[in-house]
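The listed protein sequences correspond, in order, to chains A and B. Following numbering that gives the first Met the number 0 from start to finish, the first sequence increments by one per residue and tops out at 67. Following numbering that gives the first Met the number 0 from start to finish, the second sequence increments by one per residue and tops out at 143.
By construction, these hints were calculated from the structure, which means they are not laboratory data.
Each computed DSS-like pair below joins lysine-lysine, with the alpha-carbon atoms no more than 27 Å apart:
1) Lys50(A) to Lys142(B)
2) Lys50(A) to Lys11(B)
3) Lys53(A) to Lys5(B)
4) Lys139(B) to Lys5(B)
5) Lys139(B) to Lys11(B)
6) Lys142(B) to Lys5(B)
7) Lys50(A) to Lys139(B)
8) Lys11(B) to Lys142(B)
9) Lys53(A) to Lys142(B)
10) Lys5(B) to Lys50(A)
Read off the chains here:
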Amino acid sequence: MSEALIVRLRDARAERGWTQAELADRIGVSRKTINTIENGVFIPSTVLALKLAKAFETDVEALFALGD
Amino acid sequence: MIDQAKLEHVTKRRIWGARWMAGLLLTTALHDIGVLRGYGNDAFNFASEAVWIIVMSLFILFAGGGLVRTAAMRAALYDESTIEHARRSLAFGFWAALLACGVSWALSSYVPIGGPVVARAVMTYSVAMALAHFATLEAKALKE
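Given only the sequences and the hints, what does the whole structure look like? Please build it.
Dropping the structure here:
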């Protein structure tokens with residue numbers, strides 16, 4: 000399942016110039032969690048995905064997508 | 000706001016603590032099955048149990064449990080990836096317990112080992128494996 004998920008979190012973060020720690024601080028999680036999501040090791044819950052989307056002022060689909 | 004640097008420091012301490020506890024538990028498991036010298040020695044047993052209680056208390060209070068931290072810090076210490084790692088570690092411990100049971104069963108045909116000793120050794124070993132796996136997952140997650 001994790002192979003099919005495309006994560007664009009790192010790109011979105013780079014566009015804003017945020018560090019992992021800054022993003023983690025904005026949504027109240029550890030930097031470790033952001034790191035594991037970016038590396039595709041951990042798939043976040045719906046709540047956390049929505050929090051991430053809110054932090055970037057975008058839709059969840061802009062950050063996460065299903066691969067073909 | 001969470002102090003991410005402090006959070007990372009506590010997480011690293013938790014990893015260190017989990018590894019230390021895993022090592023201690025493995026030593027206890029070896030002691031249980033009589034591999035280590037000192038088996039049956041009261042002073043040795045008392046010393047190992049005292050160390051175990053001290054380490055466990057320090058771990059719960061200052062690292063893993065985060066009992067003396069703020070609510071935000073505690074929440075971040077137990078965020079989604081940590082819970083996922085704990086869940087995976089428990090599953091790992093389950094398979095380790097099954098393996099240990101199989102090995103014990105095979106060994107019991109050749110070595111005279113009692114049920115209580117095997118039960119204690121299997122439980123201790125599986126918890127140690129779960130802790131070691133948790134520490135490994137957490138350490139990997141910290142690396143960018």
